[in-house]
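There are 2 protein chains.
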Amino acid sequence: MKAGFAIWFTGLPRSGKTTLSKRVEEELRMQGHRIQVLDGDEVRDRLTPDLGFTREDRDENIYRISYVAKLLVQNGVVVIVAAISPYTQARAAARQDIGHLFEVYVNCPIKSCMERDYKGLYKRAILGEIPNFTGVSDPYEPPPNPEVVVDTDRESVDESVAKIMAALQNQGYLDSG
Amino acid sequence: MKAGFAIWFTGLPRSGKTTLSKRVEEELRMQGHRIQVLDGDEVRDRLTPDLGFTREDRDENIYRISYVAKLLVQNGVVVIVAAISPYTQARAAARQDIGHLFEVYVNCPIKSCMERDYKGLYKRAILGEIPNFTGVSDPYEPPPNPEVVVDTDRESVDESVAKIMAALQNQGYLDSG
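Protein chains in written order, with the numbering used here: chain D, 302 to 478; chain R, 302 to 478.
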């Protein structure tokens, strides 16, 4: 059977994680991979409704996501995780847990994230209406050593997707495709 | 790809769910299926450490398990769940959520379960040391319409496994094997 692995998108709110993850999903599905997207919001509804956004709760959220991702990966599924996952340590634990993890740092200056924020979440966070908001009142720790970095303020979506697909190919993740 | 489905073992504590699920796992693995066992205890450690054993918490536990089972099933995995899952309504919701579910009622009189209880959990429950213990201080609702019933007080493990495998075969679950 084809080998499973996880593609883990990390970045600030509105940096482009969900958009890119959906596009990469399409590309890989066309190549015949079994794909499962674990999107932060859906996961919070089904797996972690008890958790908030303190560091402890965020870590537990990532711990549960990585458990589910691991189960899928060890059964040959390519799992795409799109989650802010702001803490380096929690992401490192997920990497160790899952085993095969390709980290995509969705790099976007906070100013650009705010410009795209049609839901007005950053504004509400700055006004203090949303506590523990990553980038405003909570830290975001950029990955020290991601498999690929996309700069979504300077690249088109197509360019970022191409960069990710090329990195997956070059680093041997698609060999069995 | 082969179709996924879930085999859901429900029954009292010490009725034989884990033993049977491991044996069925072996049988199906030999037939070339992708298998993932979700055992109640491991799941409680990784997915639902926040939950206790009230009805509400048990329902939430089953809700999370069924989400993970669904993700695996829709990616072609045969998922084996072994969980007391005492409430009919929560099991029915899991069935609807997962879509393809084969329910195994592990039927064993409580007297026999107690005889096998080398950990002494029933004794502690009767003494009031463990609250919300299924069969003692919490109800167990037998499935009204399971795909198969095994009577583990009267059958050997081999007999119960054979019964389950035959029912899987007869009901068309192993056609793609």
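By construction, these hints were calculated from the structure, which means they are not laboratory data. Honestly, I wouldn't trust all of these hints.
Stated by the list, open to error - Facing chain D, from chain R, some residues (calculated, C-beta under 7 Å):
| hint | residue |
| --- | --- |
| 1 | Met331 |
| 2 | Arg335 |
| 3 | Gln337 |
| 4 | Tyr368 |
| 5 | Leu372 |
Glycine is no exception: its CB is placed at the ideal position from the N, C-alpha and C atoms.
Hints broken by the structure, by number, lowest first?
Structure breaks hint 1 only.
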